[in-house]
Each structure stands twice: as C-alpha cells, then as structure tokens.
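Based on the sequences and whatever the hints tell you, model everything.
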Amino acid sequence: MAVLSAPSSPYEIWVLSVVIVVVSVLSALGAGWIILSFLLFKSLRTFRHQLILGLAISDFWMAINFLSSASINISGSNIGSPREKNFCSFNGFMIQVFVVQTDYWVLSIAICTYLILASHKTQSSWVQDHKLVIWIVPWFLSLLWAAIGLAVVGYGNIGAWCWFTSDRVRLLVNFLPRWLIIIVILALYIRLYFIIRKAHSRFMSFDDEGDDAIGSLQQTESDSSRLRSGNGSGSLPTQDHEMSSSMGSSISKSAEGDCERGVRSPPMTTTTTTHTRIGIGRASPVLKRISYQMMTYPLVYMLIWTIPTTIRVYQATTNDSAPFAIGTIDKACIVIQGFADAIVYGFNENTWRLWRDFFSRSEGRK
Numbered sequence: 206m207a208v209l210s211a212p213s214s215p216y217e218i219w220v221l222s223v224v225i226v227v228v229s230v231l232s233a234l235g236a237g238w239i240i241l242s243f244l245l246f247k248s249l250r251t252f253r254h255q256l257i258l259g260l261a262i263s264d265f266w267m268a269i270n271f272l273s274s275a276s277i278n279i280s281g282s283n284i285g286s287p288r289e290k291n292f293c294s295f296n297g298f299m300i301q302v303f304v305v306q307t308d309y310w311v312l313s314i315a316i317c318t319y320l321i322l323a324s325h326k327t328q329s330s331w332v333q334d335h336k337l338v339i340w341i342v343p344w345f346l347s348l349l350w351a352a353i354g355l356a357v358v359g360y361g362n363i364g365a366w367c368w369f370t371s372d373r374v375r376l377l378v379n380f381l382p383r384w385l386i387i388i389v390i391l392a393l394y395i396r397l398y399f400i401i402r403k404a405h406s407r408f409m410s411f412d413d414e415g416d417d418a419i420g421s422l423q424q425t426e427s428d429s430s431r432l433r434s435g436n437g438s439g440s441l442p443t444q445d446h447e448m449s450s451s452m453g454s455s456i457s458k459s460a461e462g463d464c465e466r467g468v469r470s471p472p473m474t475t476t477t478t479t480h481t482r483i484g485i486g487r488a489s490p491v492l493k494r495i496s497y498q499m500m501t502y503p504l505v506y507m508l509i510w511t512i513p514t515t516i517r518v519y520q521a522t523t524n525d526s527a528p529f530a531i532g533t534i535d536k537a538c539i540v541i542q543g544f545a546d547a548i549v550y551g552f553n554e555n556t557w558r559l560w561r562d563f564f565s566r567s568e569g570r571k
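In this text, residue positions in the sequence shown follow my numbering: the first is 206, and each later residue adds one.
It is worth saying that the hints were derived from the structure and are not from the lab.
Keep in mind that a hint or two might mislead.
Claimed, not checked - Capping the alpha-carbon separation at 35 Å, the derived lysine-lysine pairs in DSBU-like fashion look like this:
1) K336 - K326
2) K336 - K247
3) K403 - K326
4) K403 - K290
5) K403 - K336
6) K403 - K247
See below:
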C-alpha cells in the first residue's frame with residue numbers, strides 16, 4: 206500500500222525537501238542560539254534553564270536529522286530507495302527519539318516550573334537535588350519507544366524523512382500521547398496563571414493600602430508640627446516620640462518580610478513606607494507579565510501540532526492523501542518546533558536583553 210504522506214512525483218519530493226531544509230536550518234539555528242546563550246551567560250544557568258538546555262539539544266539534533274534526510278533527496282538520491290534502507294531506518298529511529306523527547310522536555314519544564322512557582326517546597330527541592338534523574342528520564346523513555354518502534358513496526362520513507370509510514374500508527378504512538386501531555390501542561394499553566402494573578406491582586410491591594418497609610422503618616426506629621434508649635438519646645442513629648450519610632454520600626458520590618466516572602470503570604474500590615482510601596486509597584490506588573498507568559502508555552506505547542514494531528518486523523522480515517530500543499534505545511538509544522546521553542550523560551554527568558562548587552566559591550570571595546 207502506498208504511503209499517504211509521501212509525495213508521488215520527483216518534483217514534489219524536491220519541493221518538499223527544499224522546504225524542509227530551509228525550516229530545519231531555522232530550527233537548528235534557533236536551538237543553537239539557546240545552547241550558546243546557556244554557555245555564555247551565567248544568569249541563564251539556573252535549574253529551569255538547564256531543562257530548557259535539554260529541550261534545545263533535542264531540538265537541535267532533531268533538526269539535523271531532518272536536514273540530513275532532506276539534503277539527500279535534493280542531492281539526487283532518494284531516501285526511499287533500497288540503497289538508502291539502512292540510512293532510512295537510522296534516520297527514522299533518531300527522529301522518533303528526538304520528536305518524542307521534546308515532548309518529555311516540555312512536560313518536565315512545565316512540572317518543575319509549577320512546583321517551584323507554586324511553592325511546593327518538598328517536591329521542588331527534590332527535583333532540584335536530583336537533576337541527573339530529570340535529565341535521564343526523557344532520554345531513557347524516548348530511546349525505549351524508538352527502539353520498540355524499530356523492532357515492531359520499522360521506519361520508512363514519508364517524503365522528506367523516514368518515520369512510521371502508517372498514519373494510524375503515528376496517531377496512536379505519537380499524537381495521542383502528545384495531546385495528553387499538552388492537556389497536562391495546559392492544566393498546570395492555567396493553575397499557575399491563577400496563582401500568579403492572585404498574587405498580583407494581593408500586591409495591588411497592598412499598594413492601595415500603602416496610599417492610605419502614607420496619607421495617615423503625613424497627617425500625623427502635620428499634627429505633630431502643630432503640637433510642637435503649641436508646646437513651644439520644638440520637639441515631641443517623649444512618650445509620643447517613642448511610639449512613633451516603635452511604629453516605624455514595626456512597619457519597616459513587616460514590609461521587608463512581605464517583600465521577601467513574595468506571593469507566599471498576604472500582607473501583614475495596613476501601613477507601609479514609601480520605599481516599600483515603590484518596590485511593590487514594580488513587582489505587580491512583573492507578576493502580571495509572567496502570568497501572561499505562562500500561557501504562551503502550551504498555546505504555541507498546541508498551534509504547532511494542530512495541523513499535523515488534523516492531517517493524521519484525515520488520512521487515517523479516509524485512506525486518502527491530503528493535498529500536496531497541505532501535506533507540506535503539515536511537515537513544516539513538525540520541523541519548525543526548534544525555532545518556535547527558541548522564540549517562546551528564549552525571548553521569555555530575557556535572552557534578547559543579554560545578547561543586546563553583550564554586543565553593546567563589544568562595540569564599546571572597539
């Protein structure tokens with residue numbers, strides 16, 4: 206039976222391969238950019254960034270495998286020919302490894318981010334103390350499933366690379382587990398979104414209370430001035446002075462404690478200093494920005510895999526090939542993942558700012 210995903214004419218194979226080469230180069234550059242950023246900038250070597258590094262390594266090698274198979278087609282050979290059978294099996298095995306592995310990395314990033322930001326201290330400490338385990342799990346599972354696929358089904362030419370030739374097999378082995386992972390990621394980030402939004406509301410409430418407190422303190426200072434004028438002594442009575450000092454010390458300590466605890470505890474006082482109010486005013490937009498960024502991760506991942514999943518369902522149920530243009534978009538969506546991950550994770554992790562500062566310093570030395 207003909208492979209539904211494979212183009213029928215040499216011209217279509219060539220066009221598809223050119224598209225895949227271009228997109229895979231973009232993905233390789235995007236993943237390489239994340240890897241290089243990790244190596245150059247110490248601020249991008251936190252635990253979460255180490256997980257992003259694992260994702261970038263998977264994206265990079267996945268793009269290289271797409272690039273190698275498509276390049277063979279462009280060179281005049283065909284990865285579906287008997288002469289390329291061994292390469293096709295190897296290519297299919299490696300692509301299955303890294304396509305599945307990216308799913309596990311994205312899931313690991315979501316789980317660890319949730320544990321850290323949602324203040325699950327015990328679980329958060331455990332995953333950060335067992336980094337090697339977190340790194341081994343995606344590699345072990347992806348190699349296991351790829352080996353089982355090679356032994357049970359095998360890999361064949363689907364156009365620009367080798368993979369499972371049956372749409373039903375790919376749908377069951379790759380796409381259904383992937384959408385389960387996407388649902389889990391979406392649930393985690395929605396939960397985080399509301400946690401951070403709640404913290405944002407607390408900060409805003411604390412900020413508003415600070416306005417009232419500052420007004421009260423200003424009124425107290427005005428009354429004190431009038432008392433000094435009335436007494437003619439130029440100073441507060443001793444008892445009032447001690448009470449004022451005690452209140453200021455209490456306010457300062459309480460505010461500092463709230464700032465250190467962040468979202469973990471509500472404000473403990475209805476008064477604050479001007480300095481603390483400024484800090485909170487800066488913190489609340491940051492929390493709001495983070496809450497929006499949290500939602501971009503699963504949404505972009507869903508967007509990437511919607512068209513490929515739709516094509517798999519269509520071809521598996523109708524036994525007809527999708528139009529060539531749609532099939533090309535389908536494969537490009539799969540290959541573009543490395544570039545999309547670089548935009549989503551790299552941009553949101555302030556890598557752009559670090560690179561801008563890096564080049565600014567380089568120009569300054571000249």
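Hints versus structure:
no.: 1; hint: K336 - K326; in the structure: holds (16 Å)
no.: 2; hint: K336 - K247; in the structure: holds (18 Å)
no.: 3; hint: K403 - K326; in the structure: holds (19 Å)
no.: 4; hint: K403 - K290; in the structure: violated (57 Å)
no.: 5; hint: K403 - K336; in the structure: holds (30 Å)
no.: 6; hint: K403 - K247; in the structure: holds (31 Å)
When held up to the earlier numbered hints, the structure conflicts with hint 4 and nothing else.
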